[in-house]
Amino acid sequence: MIIDHPLLGPRDAAEFVYLGDASLIDRPDWQAPDAMEKFHAYGYLRDNPAGEHQELWYHEQGDRSWLVVTRDTVTHTITKVELARDVARGKTKARGRGK
Amino acid sequence: MTQVNRLPGGLVDRSEEVKFQFNDKWMRGYPGDTLASALMANGQLLVGRSFKYHRPRGVFTAGSEEPNALVQLRRRAEQEPNTRATMIELFEGLYATSQNHRGSLEFDLLAINDFFAPFLSAGFYYKTFMWPKAFWEKLYEPIIRSAAGLGRLSMKEDPDSYDKGFLHCDLLVIGAGPAGLAAALTAGRSGARVILADEDFRPGGRLNAETLELGGMAGHAWAEEAVKELAEMDNVRLMSRTTVYGAYDHGIYGVLERCTDHLRDSNGKPRQILWRIYSKRAVLAAGATERPIAFGNNDRPGILLAGAMRAYANRYAVAPGKQIAVFTNNDDGWRTAADLYAKGVEITTVVDSRDKPALLNIPGARHFGGQAVMDTVGRAGMKSIQLTNGQVIPCDGLAVSGGWNPNVHLTCHQRGRPEWREDLCAFVPGSDLPPGMVVAGAANGAMTLAAALSEGAVKASAQLEDLGIKPKGGEMPQAEDEPRDCAAFWHVKQSKNRAWVDLQNDVTVKDVKLANTEGFRSVELLKRYTTMGMATDQGKTSNIAGLAILAEEAGKTIPEVGTTIFRPPYTPVPLGALAGRARGKDFRPYRLTPSHKWTEENGASFVTVGNWLRAEWYTQPGEKGWRDSVDREVLQTRKSVGICDVTTLGKIDIQGKDAGAFLDMVYANTFSTLKVGRVRYGLMLREDGICYDDGTTARMGEDHYVMTTTTANAVLVFRRMEFVRQCLCPDMDVHLISTTDGWAQFAVAGPKSRDLLRKVIDRDHDISNDAFPFMACGHVTVCGGTPARLFRISFSGELAFEIAVPARYGNSMMAVLNEAGKEFDAVPYGTEALGVMRIEKGHCTGNELNGQTTAHNIGLGKMVSQKKACIGNVLSQRPEMIREDAVRLVGFRPVDRSRKLIAGSHFITKGDTASMANDQGWMTSVAYSPNLGYSIGLGFLKEGQNRMGEIVRAVSPIHNTEMEVEVVSPHFIDPEGERLRG
Amino acid sequence: MRYSGFRVLKEGLTGNKGWTKAWREPEPRPDYDIVIIGGGGHGLSTAFYLAKEFGITNVAVLEKGWLGSGNIGRNTTIIRSNYMLPGNEPFYEFSMKLWENLEQETNYNSMVSQRSILNLYHTDGQRDAYVRRANAMLLAGADAELADAKQLRQELPFLDYDNARFPIKGGLYQRRGGTARHDAVAWGYARGADSRGVDIIQNCEVTGFQIENGTCTGVETSRGAIRAKKVAMCVAGSSGRVAAMAGMRLPIESHVLQAFVSEGLKPVLPGVITFGAGHFYVSQSDKGGLVFGGDIDGYNSYAQRGNLPVVEDVCEGGMAIMPMIGRARLLRSWGGVMDMSMDGSPFIDKTHIDGLYFNGGWCYGGFKATPASGFCYAHLLAKDEPHPTATQMRLDRFMTGNMIDEKGSGNQPNLH
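From first to last, the protein sequence lines are chains A, B and C. So in the numbering used here, spot 23 of the first sequence is number 23, and the numbers just go up one at a time. So in the numbering used here, spot 122 of the second sequence is number 221, and the numbers just go up one at a time. So in the numbering used here, spot 160 of the third sequence is number 1241, and the numbers just go up one at a time.
Excised from the complex, chain A in its bound form:
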């Protein structure tokens, strides 16, 4: 597979390490009253879709960026690659607005 790194261009997937569902960015609040249930769902339950999947890849043999890759788990087609930090910042901001 080839991942089109937003900063470095197309790179062989072998340069990367895979972690899993990009929902791992959405870490629950440890002080929430139902923190245990939330962390259980965060740590263990997965949508595991057959189709489009947002997932985390780490460019270990490269610039050490964590990326959010949108990839189809049936065809392996990649449609979007973003810096995970940008995605995470977007989420923080969105949460901030929500409050």
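Everything labelled a hint here was simulated from the structure, so no lab data went into it. In this text, all values refer to a predicted model and were calculated from it rather than measured experimentally.
As a list, the in silico DSBU-like pairs of lysine-lysine whose alpha-carbon atoms are at most 30 Å apart:
1. LYS966(B) with LYS38(A)
2. LYS1347(C) with LYS263(B)
3. LYS232(B) with LYS1178(C)
4. LYS1464(C) with LYS1133(C)
5. LYS592(B) with LYS1098(C)
6. LYS232(B) with LYS1098(C)
7. LYS1102(C) with LYS232(B)
8. LYS91(A) with LYS966(B)
9. LYS1347(C) with LYS124(B)
10. LYS151(B) with LYS1347(C)
11. LYS1178(C) with LYS1431(C)
12. LYS1098(C) with LYS655(B)
13. LYS571(B) with LYS379(B)
14. LYS91(A) with LYS967(B)
15. LYS1250(C) with LYS696(B)
16. LYS237(B) with LYS151(B)
17. LYS1231(C) with LYS684(B)
18. LYS151(B) with LYS1091(C)
19. LYS595(B) with LYS1098(C)
20. LYS1098(C) with LYS609(B)
21. LYS1347(C) with LYS255(B)
22. LYS151(B) with LYS124(B)
23. LYS612(B) with LYS1098(C)
24. LYS1488(C) with LYS961(B)
25. LYS684(B) with LYS1347(C)
26. LYS1041(B) with LYS961(B)
27. LYS1347(C) with LYS609(B)
28. LYS455(B) with LYS592(B)
Under 8 Å between C-beta atoms, here's a sample of chain B residues computed to sit facing chain A:
29. ASP348
30. GLU786
31. ASN972
Coverage of chain A stretches by chain B, computed from C-beta distances (three or more under 8 Å per stretch; other residues unrestricted):
32. 19 to 25
33. 34 to 41
34. 57 to 70
35. 75 to 84
36. 88 to 94
For each residue, glycine too, the CB sits at the ideal point set by N, CA and C.
Here the structure of chain A is known, so what remains is to put chains B and C in place on it, guided by the hints.
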């Protein structure tokens, strides 16, 4: 003349002869021959034995689809089993032997299986060999195993080397037949970066096997010109003897180039190169494979596919006999009759399953329309054929054509399914091709020469336009649309004798029918039950006929039955090539510590720790075994001072305004409160609350921390910290860099460590206990100005320091420390002594922190802060993980002090039987303590914290032993920690 | 029809005309006591043991493709019970004992071959872990044996002892481990279940669940609705997709595992061998092919195919320990979709929906579990309580913190 079957003409080079051996018999051929054509030329039609019935078999095809003519090529360590004679280029001195027979090829003892064939029908082995039970492994299976299998490995290490490489292109053209050449010419002339790969040693594909003309030129001559033109283009890479074996994601193709297989010796060059080709677009022009028709005894030597027989006559100038019959269901079969006749071979008969007038006039040949070959006579060769009308016709060779199957394999490697085309009686590529791939020529069902040429050019042009390259030069010469009419005809129903579908695995029409009768009605079940298509040719010539017969039996259409799944590789790839250079000592890289040279020169024995080589101990003259060395190193360190290279521990530099807050998130305990110039032990959890790693982190400045990790987890911890930084704390001002390889670090441990360091550290740095107490850290200089970092931390439990210098000074630093230590009788120590001292001190390492251990288990539950956000603190509080009766880390010593503890023993309460239900825990680490004079251990014991002084049984049934052990504190030495504060 | 050597002889002498269907091809009936979703190995063995051990035969097995087309149709055929943890070892040893009598129970030669499995170790730490594991196996009534490098040198002289990057220090044997003919296992169970009255319905895809007031009362299928008192999911590899139809999120990710077979060779390997310092395990089939594999590709996938880096990594592992295979050729590679669970261990449990049961999460170790998985699932379905060897294989174990994590890799499925 030994080449009894040699014809005039052909594309072999008659200016010289090539001598070779088959089954130790010398024979002659010409450059340009394959082993198959040369054997045929020498009248050697019997080449091998079939898998199950050990039937005599000869060459059946002229390409990589060959099911029969498999030989062992070369000898000794270079022996290569199951090599297709049709793909072996003849070279001087070639040595090949036939395989899969007991006794000689001619008189194979296992041919007796053929007589027992009625009892060996499809799947017979699933129905028997069940009684008595123990006989399967002892009797039945060994007999089956030794009879099965094909060629033999030499059992010696493969002496050849293999390389790997990476190539990039705009357009990859797969196959250098007419369609592929047209595609490559078009793309090459347009200036695109092109790779043209072809499995043959002579580009041209069927052009080399046919007498068809292009623009008035012989086909093979045109191919030669085309190749010459391509060779002159800088933007084109021509790769002959190169098989594209797999289509992988995102335009990546797996490719094998055979570099020295056509030479007598590889002469130190890589035998083969495994390429990965990164293509923007691809044109698959892999041609088509002919298929046989099943009839009685259709497997004898001398029976060839019609197109193959034509290839042997036209390209290699050989024929399998003098009197040839042809059996076809299509127009193309007639061309074999015509071409062989033109070469002076007698054609006795053309049998056409279609009730039509003769397509061509072949003088001397009788034409039977609407008939079929029902049976053949002969043993190691052909004598005659019998037709469905009862007529017997003498012949010594038979060409069979059941039509052609487009080579759709690569189109299906990404789960695409081919589609049935009734007019061709064949599957063609479906619409769900691998992204970026198009198919041209016979592979796409464009079966005539004119169609293949034009499609190659047109498809390539479309691909170029897609890439924004303007196509030019796509005009191809005039060629004909030769007749290709075909009428489905799979097997001869009138045949009474066994009719083979899969030649290599000995699957007959009856087997297919039996599978259907017994309910194995999916094509996948048929394959698995009968083994059809599972041989080394993966059913390239057999599968379609098999599923057609299944369809007929099941009352379905062929597309309803469908094909099995095409999987990579297209043709088999040597495991040596797939491994490349990563074998032997080069399997993985070595990481050497900065002091490796000094260490090596000073008697160290090395141990592999991940990819690192570390000193495990240093042998002194007179020491009889490793224990002598280790005991000395431990005793001397505790008595005076020892020095150990600890560079392999991970080192991570953490800088930024939020560095402290970041570490609070990463560690279970708190680091933002750590004072500058101080070090703290840190425990890191996984998000699931299990201990992940531990180490010390030093605060070198307000915004600067230096973390150490365990050796094993250095990479993993850094990766996780980057995850936390980028994904969980994206707004923190913090940066990380791994400095594991940047700093050489040494532990200097023992009561004299400070004295030793005072000699090395420049005088203006005060390292007295007051100025530099336990858990202090700071910047110093050594040896007159060399920058260094000093940490007062201790793994051994002694007064100890770790000193780090830039890695390039590491070897010198090791030498300097040891030199300076001479007056204290300092010793360098290795990982074994390190291990003994940490067990004496009760410190955990990987044996304890094995990914299953909670902080609670190691007695550090309180260290997991519940007052801050940090990785793992929430899930660490799940009820099963904080049970009071959970296992706890404690120390053990044998009641009988002379006994040696065993790591991996399990603990059983005295009086209980030893069983899993009574399992109380296990011993994680043991060592002989030279300080205590007996064996000591660490381990996890249920409620261990409450069982001090209890005697439990440490059982090790695997060693057939057990002993009584006493539960003690894990801190065997200096439990109060006075020494390290001294 | 009873299969035997005598029968094969008799049929051989009479033209093999008397063989009958191995199983019926029934139409689905409108309701059953138990509907099992998935006609792979575990589904078929569940049906077999429901009928044989618990006398429940009003059962349908619904298979969307062909019988045995689950991961039992594409695996590397290893059977073993060399686990370490109390949540696992008794279960796998129970499975091993069922394997040992499988052929007599099913009257089908599944070629269970107890030719041994050997796990090589290369460091002292690995040895200590294997001693712990071996002792756990012995305490659970299984067999285990340690061999040092000297013994291995005699038994397996073709391994690389002298030039290896990670020298072989010894190995853990389980002599009762080995291989079985994977398809035949499915066929034996299918034939055994069918002959006891179970309906095995091929080409019947489940498209939805009938759930009323928190109770599952049946399934929708491509061949119409089928009501059932109990519905049993048994679709490892597709668990996520099927469970989603019941609104469940699972502690499972789907990953692709590739496996490989070489061209046929005369006997080379006596038993199963696994490399302890790289990703490679291998055995040789009775037909002569080297059957081998290594690590999963590592990314979520339902594609049933993998990519080159893992192919090469596996072959590197092979060449690293047995460099005599260099001139053998890879014949075929394939990819199967694995239910990779969050601790590397499976589930056999009720779900939060009454009448709906779950069996899955087998990672890449489901084949060896086929008999016990079926037996224990049948036990659960018949008695509504877990079999004594499968009490910890619960769906809620991540809530309680009672993980069964043999490798200690934590909640990251691609590391197990």
